[in-house]
Amino acid sequence: MAHRLDTGGRLIDRAAPMDFSFNGKGFRGFAGDTLASALLASDQMLMGRSFKYHRPRGVVARGHEEPNALMNIGAGPFFEPNQRATVTPLTEGLEAESQNHWPSLETDAGAVNGLLSRFLPAGFYYKTFIHPRPAWKHLFEPFIRQSAGLGRAPKEPDGDRYEHFYRFCDVLIAGGGIAGLQAALKAGESGARVLLLEQAPVWGGRAAIDGDDVDGQPAADWIAGAVARLEAMPNVALHTGVMVSGVYDHGYVLAAQPVPGHRPGSSTSRERLWRIRTDWVEVAAGAIERPLSFAGNDIPGVMLAGAVRDYLADFAVVAGARTVVVTNNDDAYRTALALHAAGQAVPAIIDARAETDSPLIAAVREAGLRIAFGTGIAQVVGGKRVTGVRLCPQSGDGTMTEEIRCDAVAMSGGWSPAVHLFSQCGGKLTWDADQAFFRPDPERAPMSVDGTPFVFAVGAANGHLESAAAQADAAGTPIPAATEALIAPVWRMPAQAPVKLREKTWLDFQNDVKVSDVQLAAREGFESVEHAKRYTTLGMATDQGKLSNVNGLAVLGDALGREIPQVGTTTFRPPYVPLNMGSIAGEARGPIFQPLRKTPMDAWHESHGAHWEPVGHWRRPYCFQRSGESMEDAVAREILSVRREVGLLDASTLGKILVKGPDAGRFLDMLYTNMMSTLAPGRCRYGLMCSENGFLMDDGVVARIDDDTWLCHTTTGGADNIHGHMEDWLQTEWWDWKVWTQNLTEQFAQIAVVGPNARTLLERLGGMDLSAEALPFMRWAEGEIAGIPARVFRISFSGELSYEIAVPAGRGLELWERLVAEGADLGVAPYGTEALHVLRAEKGFIMIGDETDGTVIPQDLGLDWAISKKKTDYLGKAAQARAHMTDPERWKLVGLETLDGTVLPDGAYAVTEGNNELGQRNMIGRVTSSYRSPTLERGIAMGLVQRGPERMGEVLDFPLIGGGVTKARIASPVFYDPEGERLHG
Amino acid sequence: MLLLTCPYCGVTAEETEFAPGGAAHLTRAGPGEGDDALEAYLFHRANPKGVHFERWRHAYGCGKWFLAARDTVTMEVFGTYPAQVSAPPPELIDTIRTKRPGWEPA
Amino acid sequence: MAEHTVAITRVERLPQGGMITLRADLEAQEAVDLLGMVGLAMPEMRRIADTEAGQVAWMSPDELLILCPPERAAALAAQMAEACAGEHMLVAEVSDARARFAIAGPTSRQTLAKLCPVDLAPGRFEPGEIRRTRLAQVACALWMTGPEAFELICFRSVADYAETALNTAATQFDAGMSL
Ligand SMILES: [Zn+2]
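Residue numbers (the numbering used here), protein chains in the order written: chain A, 1 to 985; chain B, 1 to 106; chain C, 1 to 179.
Read the hints as simulated data drawn from the structure, not as lab findings. Heads up, some of the hints might be wrong.
Pairs of lysine-lysine, DSSO-like flavour, derived with a Cα cap of 30 Å [as the list claims (entries may be wrong)]: (1) B:K99 / B:K49; (2) A:K428 / B:K49; (3) A:K428 / B:K99.
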């Protein structure tokens, strides 16, 4: 059985026991354990169930490549699925549960799929459930959804927070094993700014465990010395516990770091995402061991040989008391030696190779252990755990020669360089037939911003698996001769395994892809590796094929009669291991999910019943609700107070762009459809701006400040865009024109004082002369109001007497509060955006974004009066002359009055007789704005209707969603005060 | 994620500090220049696989528009230059010719 | 294993200061003369110059931001506008347009490195430089006021956003955050 030895375990602190739970049952481990090592130490072999067949699965690997031991960790807001137990540090009180089991891990109903496995081959879902259609929806899909899927999605918002960290360096080294440390020393000595990141909590990688000599010293000594030298270099920073997960264009690298000391719910960030920019990347990520493909290789107790050695060295944990080693290379002999040295039984080393020799093999012989060359495993015996192995000649068809009793199997199919970080950004690989792996091709490395290569692999990641060779590779010194005997590529064990064995031989443990599935895919014509991968789901699980990739390619190549390099390899995409969604979001959540722009009067609105409406990133009051009112009541009250008394609108969000210079008039004439150069100082003019496609993009009032200065108002959402648009034309087209633009939107608070009592109210505050004579409609003036320097614009978007007052933003609230206080007996009331919308609609004024949608030209909106006929050019003029734009059949703006006084649904379409070529009812118009007008006590609407203005009085049908039709008559869009008498007050 | 150097303020910054603006060196067609010229100006873009001249604005920095020559396949940036020109600088053309033999400016 | 240490960066929202924008061709002698006339001096590219009348920050090849005591801003802006009358320049008082923050403490560089995609390591960014960039999702400009202290400005409307982002970033550090 699996257990912990009485001594050893370099990472654990036996003085610090930790209690945790797994599937509700209490366990105890030590500080320094991973969840997997602690479970294994308590003989909890079974850690999960596979995806398709719900087969019992135990831990296979030591690190991030683990496909089986996936857990739900934590609870409530700290719950997270699909966590690899092999890299989850044990913490006191940790709650874990296995996934993909029902009703329990021990007894799983879905395991019946395993009995039916010969009926669930590759592509089974695609083929079987496609017909009959209704059966998919009502029968198959519900069952599959019940039984499939790994962890469950969290139900609550993540209770932790996360952060980003921007970091810059000259050389980034990913991996702190022998090669990474050596590469950092070399780069550090050159004076470069070096960042060395290691995902594990300790330095040294495999060499620290394997105990080889490095550069003439024991590995542990060399590692300690290298770390000490690096720590002494001021230009080198080195960190353990940071996982480099992705290498992107131009030296952008992402790395994830669980923040040290964080506990669920503590105030610290849980994880930090390093956003690194580097000139140079050295990938020293080591190598990943491959499983061997023999029947029963997924039974709990079968582990990678390197992992068996790691659990022993790091945690003093063994998977069994009797471990059979099976291999096609020398490295697994180290596992045999390590187990033997720890007093564990190793009944045999099963070596698929023909008899060979090397120092490692000699050492095993010397230890008196049995080696069976030319031998394979025909089948592992056991159900929920290994009880033995049946041996056979590797070259044969699996006829058993012998059965060995054991409770663990340590397998090694050779090692694959961890090329992921090299490949992610376009680095190409080359197949090394001698060593049977893909290695980075330095001639085809990823290119940086200047077209030079910037990603390089060193050490085992570069194909130099032995420690001494890895160190030499990173140091740039001659590579010493290999000491290990050559690997024999073994892609199937035994070579002639019949179907009944191949059906029990797993390639992808998590997604349940077997040798027979890949062979079937090849037979069915999925010859491209990318197609075969998707058809079989090989390598598509959360481990992204870290263990299965090369074995799968080999089986596919064999089935297609091609060599591995001809089959090619699938694309490695970042991230190397899954990133938390929270890490990607970083600080952008909750109140700072996105910027919220607030006006200077925001706090007042907040404390006076404002309901908010987002407009771009701004929030503006939609209405100010008083107690006892519905929102609808509040909007109606606000509208009536403007029409009858006086209302206040916070218009600070409107864009205010100063345009100055000798060519400013000429520039604005190009920007606006009408003439701005002729506007006299002191006057205001409404203007329209179009894109070069002719479409209306923004509108607003322009005030001429002095001879060479204009102030352009834009819509709330348009300020930044329009300022950018102006700068675009000035910088890239008319760069010789002398014009400055300055976006002053944030400098001013702007308050619209609107209604019959507006002037009375303002006069109470004292200051500048605002009489009709001193400041007529469409004029502006500068002065003081209530002792505050102010610019007052006599403009109106409601049809009422109206003043828009701009004051320095820092004094906006002061003015607002004075207006509220002084206007109490005048019926003053703040109003919001909804009242603003209804007020303008009653007057037939268009709103950018309602009447326009990027396909509407000013001529569609009856705005010809604001388009200069004299100008030879303005932005959009040429496009507006194109045939489609001048088509008399275009939909044009009209007012719409429902016959029954109800409110038309916004966006409703008007239909006419007949169908179009798609069989839909012919449409001749649509509603662009629709409100209930409290002033007129009925529904009012504007819409775009084919030849609309020519069809005054005609009644149109607007079908409603859910049935029925509303009839509306085409009318003038100006519903209220068509003579415009009120705004002259 | 791209790295670009603004020729106005000299800052080399990541892509998130810039705003893209499409193809560079378009010739504006105004009223009276014919529908074909207008159509080409508004809609026709070469969208090359390889060397591409494009507009960028240093939106989170100095606010200036500049132009960049970039390979749309390899992402290599051959150079950036101020926007107040109607054609790429000759030195840049030479650089690109050296790096991409056979390439000719459109 | 990295030692877990917690340090706190001080983030303070400063009261409104005096600010004036000058748009002009900064290469031209007229701009240099104008600054000289009001006791200011032209900074080099991407630098912020301390002068007797205030600080002058280089914002772009044709834009300076002048920082001065708030009570001086209106008069200084008027003085500058008068002095450049007839020249192709633009002077605007913008004291109310931006919010100011002081970020100080041994971890101030790391605090900003969580939010700004800028190399803020010692030797890479030092007093005298100004950098316009983004703070999380909004535009900002920052410069150092001492070996461990920064000043940062952003637009007024997003001051609460910036303050929350800065305070969020200011609370947690460990030895794993070398710059
Ligand atoms: Zn710039």
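For each hint, the structure was consulted:
1. At most 30 Å may separate the alpha-carbon atoms for a hinted pair to count; K99 (chain B) and K49 (chain B) meet this at roughly 15 Å.
2. The hinted pair formed by K428 (chain A) and K49 (chain B) meets the criterion: a straight-line CA distance of about 20 Å does not exceed 30 Å.
3. Between K428 (chain A) and K99 (chain B) the alpha-carbon distance is near 21 Å, which keeps this suggested pair within the 30 Å criterion.
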